[in-house]
Amino acid sequence: MLRRFTLPLVLLFLAYVLWVGSEFMELALGVAFFIFGMICLEDGFKTFAGGALETLLQNSTNRLWKSLLLGFTSTTLMQSSTLVSLITISFVSSEMIALAGGIGIILGANIGTSTGAWLIAGLGLKVDIASYAMPMLVFGVLLLMQKSKIIKGVGNLVLGVGFLFFGIHFMKEGFTAFQLGFDLSTYSMTGVYGVLLFTLIGTLITFVMQSSHATLLIVIAALAVGQVSYENALALSIGASLGSAISAVIAGFAANLGGKRLAAAQVLFSLVTTLLAMLLINPLMQLVDWMSSCLGIGAEDYLLKLALFQTLFRVLGAVVFMPFISQVESFLIKVIRFVPKSIEQPIYIYPEVLETPSTVVAAVRKEVQHLFDNAFGLLASGLSLKRSTLESEESLSAAVKATRRIFPIDVENAYEEKIKSLHSEIIAFISEAQMRESTRAATEELYVLRQASRDIVSAVKGMKHLHNNLSRYGLSANLAVRDRYDQIRLQLARLLRELQVLLAEEPTSTTALALDSLRLSVQKASRTMTDELDEMIRYRRLTANIATSIMNDENYVTDIANNLISAVHALLTKEAQETAESFNLDDVEIQQLIDKEAGLPL
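In terms of our numbering, the sequence shown opens at residue 2 and continues consecutively.
Treat the hints as calculated values from the structure; they're not laboratory data.
A hint or two may mislead.
No more than 35 Å apart at the CA atoms, straight line, and that leaves these computed lysine-lysine pairs for DSBU-like [to be verified]:
hint, residue 1, residue 2
1, K150, K67
2, K402, K462
3, K335, K67
4, K465, K387
5, K335, K421
6, K387, K525
7, K335, K148
8, K402, K465
9, K335, K402
10, K525, K462
11, K462, K421
12, K462, K387
13, K525, K421
Just need the whole structure built from these sequences, with the hints factored in.
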């Protein structure tokens, strides 16, 4: 709701300011160029996001120092902690990296943000970088006009740097012109109130522009022309850190469970960092003065001293926060939990995942597993068995025999709430992913996972039909009828237990053999049941009418079992699937094995 009104208000305010004061024009143009430059950089890096970047993120988070270094380096190169955070949230959401690793990257990215201050203060305002920006724009446009996706990505990167340089130039010129007509330094405040006020202003500026880099550019440009005092500039830079946390909160509303936890971690870190910087601003200023003298930074070179202050307070916040990452992770997992709704909601797939192609398949696979988990519980209830019984080592045969009542569940309603709604979200997400050029390489894998989702839905639909006769004949006084339905229930219960075990284990080549074994046992059980029923009809132990119902239900069980086995096969990793296909038996080979065991000619 807040974001809906923010943009119109900002646009109206900006239009009014530009109308009444032309001196703001260059200032606004500089901010616009700078932000557009960051957007071009993000687009350029996304071109390469399908390979090296994600692989690097995934393989470099097993140690805290690696996560910190990765976050710092990525943000330094891209000059966009937003893009790094977006990719990190995608990986945490799809459980490709742990929450602790994601927190480490966010800490490093926050420190990496200070490199932008060094770039602007040390180079941007002391060199005529506009002269370098113009050829960059020319070459960037030429590269952008090429057909190659990689060359276009390089073009976006070159354009991004060019627009960043132009933004810095126009910001400098804008504040110089602004100074002639209006002097903000007359409103300078010192002491505690000055720190509080300008920290709040820095927070608001960052919240409006959604970029701490842009806020730092404004602060440094204003400090360079004397529009703000050195002390107030420090407070504004502190506010930029807190403002980025507010942006994380807004982004967290749209993210899934992992994204919400990571956004909360970023907010905690920003609050800790901001509080420390505000409380220790005077000692930090003294430390900056001492370090400046050691590094050869002039006493009046407030631009570089501001950059040094930025680095120090962000490093301080990270150092204080790091020893408690495990505790923070446990706390967030405990506090921020998934709350089931009447209509099942997806956990792993959400729009932001589409921005990072390599996480799309992983997120969809996790969501199909979520769908399988829902189906598991529904099928267990349809068999009038507790889910906890199937998940334990308790004797299933004893549990089936001990059944005293058939659970009165509304399979149709449960299907609509827990299965159909989630399946629809999966299909819609896959369709959206396949429309994007960046995810076309994953089309085959997404097709397999979509089919797995359909197989799970088909299995649950089979239970809708099966449960009707189970309710009618499952506890029949005719022991022959009850025994047949006990066999059906036991067969499907054992299959569910074994499939869940296979999904919980690391996939190997033997997984394929296990799935073939299960498929073979399903076919054997079906043939055995049919033979027994034929014999019972011949000897009039069952009426043909009841026997036909049992045969139909056995067909439902066979279809349910085959659909579930196919779905689990699809949920294997791509590498395991390729290995599995070399071991898999086709339907003809399975039938030949059954005939051989039955003593029939091949």
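Do the hints match the structure? See the list:
no. : hint         : result
1   : K150 to K67  : holds (30 Å)
2   : K402 to K462 : holds (25 Å)
3   : K335 to K67  : holds (26 Å)
4   : K465 to K387 : holds (18 Å)
5   : K335 to K421 : holds (29 Å)
6   : K387 to K525 : holds (26 Å)
7   : K335 to K148 : violated (49 Å)
8   : K402 to K465 : holds (22 Å)
9   : K335 to K402 : violated (39 Å)
10  : K525 to K462 : holds (23 Å)
11  : K462 to K421 : holds (10 Å)
12  : K462 to K387 : holds (20 Å)
13  : K525 to K421 : holds (31 Å)
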